[in-house]
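S.K.: With the hints as extra help, turn the sequences into a complete structure.
Heads up: the sequence shown begins at 1 in full-length UniProt numbering, then just goes up one per residue.
Rather than coming from a laboratory, the hints here were simulated on the basis of the structure. Incorrect hints may have been included.
Said to hold, decoys possible - Cut-off 25 Å, straight-line C-alpha distance, at most; resulting in silico cross-link-like pairs (SDA-like, lysine to any residue):
#: 1; residue 1: Lys237; residue 2: Arg251
#: 2; residue 1: Lys280; residue 2: Glu348
#: 3; residue 1: Lys376; residue 2: Arg346
#: 4; residue 1: Lys80; residue 2: Leu66
#: 5; residue 1: Lys280; residue 2: Ala345
#: 6; residue 1: Lys105; residue 2: Arg157
#: 7; residue 1: Lys376; residue 2: Asn354
#: 8; residue 1: Lys237; residue 2: Met281
#: 9; residue 1: Lys217; residue 2: Asp188
#: 10; residue 1: Lys237; residue 2: Asp273
#: 11; residue 1: Lys420; residue 2: Asp357
#: 12; residue 1: Lys280; residue 2: Pro308
#: 13; residue 1: Lys80; residue 2: Ala112
#: 14; residue 1: Lys105; residue 2: Glu81
#: 15; residue 1: Lys370; residue 2: Ser300
#: 16; residue 1: Lys370; residue 2: Pro355
#: 17; residue 1: Lys280; residue 2: Trp343
#: 18; residue 1: Lys237; residue 2: His262
#: 19; residue 1: Lys237; residue 2: Asp188
#: 20; residue 1: Lys280; residue 2: Ala261
#: 21; residue 1: Lys237; residue 2: Leu186
#: 22; residue 1: Lys80; residue 2: Arg102
#: 23; residue 1: Lys217; residue 2: Glu278
#: 24; residue 1: Lys105; residue 2: Glu170
#: 25; residue 1: Lys376; residue 2: Asp318
#: 26; residue 1: Lys280; residue 2: Gln259
#: 27; residue 1: Lys80; residue 2: Glu227
#: 28; residue 1: Lys237; residue 2: Glu227
#: 29; residue 1: Lys80; residue 2: Ser40
#: 30; residue 1: Lys420; residue 2: Gln379
#: 31; residue 1: Lys376; residue 2: Arg356
#: 32; residue 1: Lys419; residue 2: Asn354
#: 33; residue 1: Lys105; residue 2: Gln129
#: 34; residue 1: Lys376; residue 2: Pro412
#: 35; residue 1: Lys419; residue 2: Ala405
#: 36; residue 1: Lys217; residue 2: Glu172
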Amino acid sequence: MRAALWLLALFGVAVAAALFAGNNQGTVTLYWPPYRVDLSLNLVVLVLVGGFVTVYAALRALAALLELPHQARRWRVQQKERAMHSALLDAMTHLLGGRFIRSRKAAVAALAQENALAAAGETVPHSHQLRSLAHLVAAEGSHALQDTATRDSHLQRALEDAPARGTALEQELREGAQMRAARWTLDDRDAEATLEWLAALPQGAARRTLALRIKLKATRLARHTQEALDTARLLAKHRAFSPAAAQSIVRGLATELIQSAHDTAQLRRVWDDLEAAERKMPELAIQAAQRMAALGGDASQVRAWLLPVWERMLELPDALAEQHALKLVRALESGLDTVDAPWLARIEAAQQANPRDARLQYLAGMACLKRQLWGKAQQLLTQAAQQLSDASLRASAWRYLAELAEQRGDEPAAAEAWKKAALAR
1 MRAALWLLAL FGVAVAAALF AGNNQGTVTL YWPPYRVDLS LNLVVLVLVG
51 GFVTVYAALR ALAALLELPH QARRWRVQQK ERAMHSALLD AMTHLLGGRF
101 IRSRKAAVAA LAQENALAAA GETVPHSHQL RSLAHLVAAE GSHALQDTAT
151 RDSHLQRALE DAPARGTALE QELREGAQMR AARWTLDDRD AEATLEWLAA
201 LPQGAARRTL ALRIKLKATR LARHTQEALD TARLLAKHRA FSPAAAQSIV
251 RGLATELIQS AHDTAQLRRV WDDLEAAERK MPELAIQAAQ RMAALGGDAS
301 QVRAWLLPVW ERMLELPDAL AEQHALKLVR ALESGLDTVD APWLARIEAA
351 QQANPRDARL QYLAGMACLK RQLWGKAQQL LTQAAQQLSD ASLRASAWRY
401 LAELAEQRGD EPAAAEAWKK AALAR
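M.R.: Written out as structure tokens, the structure reads:
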């Protein structure tokens, strides 16, 4: 379409020129005493146009001639910039490919090209970012080669080229360098140095998922369990882990906190600091109850922590794992000496509602045994011993049956019960 329009315009110009020059009788007379020169108007117009074109072409040629040194200089600078960027790309490519020595050499070459440009008085607009990035790549390669001295040297230069109060890109580079430094010190198993690097980050950068992941590993390495638990909670809220993985990590850290409690007061503080969802975890409630019992704490407090787990086991028998149910039974059994009437009623009601549950039969039998209800205890423990799948509970049931038999003077029954208790182990 554009070519057709140009063709039409050309035809129009040709027609206009033919109409103007075809019948043009005008003349131009030049007087130069004592001479007189008569020229055709068409010739004068052609001479003027030709002269203008000639002068314009000559000026353009002269400008191009004078511009040649500047173009040559720009070309040389452009070649150096291309070589610099090519070296940096090679460094990153080799780094991703695991060729760390080549990567470091390419990064150093990029820095050399940038220094040459700076020495020649040619500044690259993004020179600070480029130098910082090249130093980081060289430091990463040095870290992979376990060259700590070279790594730290390049890291320091990268931080110098990315000031904290620089442009937005320079600040981002500095934060990235600090995160990489934290990761490197974590690889060196220096948890305290890692936490120092993370503490130097701005508040917004410190809450990023990458920084929190590094902090979680560092705090676990440094045995800062409470801080690690808080970090794991933040990561779970950011959905940095799958729900199952997040729950597992939080559960493990909370369990470690519970087991590290040295007295009942500290254990209560740990329990109160847990979130509501965490206190509902059967594993944590059972661990806390067992730890409280081991520290000689209040048995009523133990049962209060176990009550939600107990109710969950009765409402949804399949929702509680077998190992957790057995731990719950063991934890309740350890406090039967001081059990109150409401709990006795709960145990009896649960056993009557689930007469085929051997674990509840065993617990009810032990409750009767502690209350010196020998006959009912023997009946429940006998039924439980024949159905229990757990070897330790089955051995415990036969052992108590043996003691009951000895108490009533039935030596054959006692011997048989002791034999079954030994075989159940």
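S.K.: Hint by hint, note whether the structure agrees.
M.R.: Status of the hints after comparison with the structure:
1. Lys237 with Arg251: Within the cut-off at roughly 15 Å; holds.
2. Lys280 with Glu348: Within the cut-off at roughly 24 Å; holds.
3. Lys376 with Arg346: holds (17 Å)
4. Lys80 with Leu66: holds (23 Å)
5. Lys280 with Ala345: holds (23 Å)
6. Lys105 with Arg157: holds (16 Å)
7. Lys376 with Asn354: holds (17 Å)
8. Lys237 with Met281: Answer holds: lysine 237 to methionine 281 is near 18 Å, not above 25 Å.
9. Lys217 with Asp188: Judged against 25 Å, a Cα distance of about 12 Å means the pair holds.
10. Lys237 with Asp273: holds (17 Å)
11. Lys420 with Asp357: holds (21 Å)
12. Lys280 with Pro308: Roughly 7 Å separates the two Cα atoms, so the pair holds.
13. Lys80 with Ala112: holds (10 Å)
14. Lys105 with Glu81: Holds, at about 17 Å.
15. Lys370 with Ser300: holds (17 Å)
16. Lys370 with Pro355: holds (20 Å)
17. Lys280 with Trp343: holds (19 Å)
18. Lys237 with His262: Distance of about 30 Å is beyond 25 Å: violated.
19. Lys237 with Asp188: violated (29 Å)
20. Lys280 with Ala261: Roughly 19 Å between the alpha carbons, so the hint for lysine 280 and alanine 261 holds.
21. Lys237 with Leu186: It holds: about 24 Å lies between the C-alpha atoms, which stays within 25 Å.
22. Lys80 with Arg102: holds (20 Å)
23. Lys217 with Glu278: Judged against 25 Å, a Cα distance of about 21 Å means the pair holds.
24. Lys105 with Glu170: Holds - the C-alpha atoms of glutamate 170 and lysine 105 are around 24 Å apart, at most 25 Å.
25. Lys376 with Asp318: Violated, at roughly 28 Å.
26. Lys280 with Gln259: Holds - the C-alpha atoms of glutamine 259 and lysine 280 are around 18 Å apart, at most 25 Å.
27. Lys80 with Glu227: violated (50 Å)
28. Lys237 with Glu227: holds (16 Å)
29. Lys80 with Ser40: Judged against 25 Å, a Cα distance of about 59 Å means the pair is violated.
30. Lys420 with Gln379: At roughly 17 Å apart (the allowed maximum being 25 Å), glutamine 379 and lysine 420 satisfy the hint.
31. Lys376 with Arg356: This hinted pair holds, its Cα atoms lying about 16 Å apart.
32. Lys419 with Asn354: Not OK: lysine 419 and asparagine 354 at ~29 Å, beyond 25 Å, violated.
33. Lys105 with Gln129: holds (19 Å)
34. Lys376 with Pro412: holds (20 Å)
35. Lys419 with Ala405: Holds - the C-alpha atoms of alanine 405 and lysine 419 are around 13 Å apart, at most 25 Å.
36. Lys217 with Glu172: holds (23 Å)
Consistency note: the structure conflicts with the earlier hints numbered 18, 19, 25, 27, 29 and 32.
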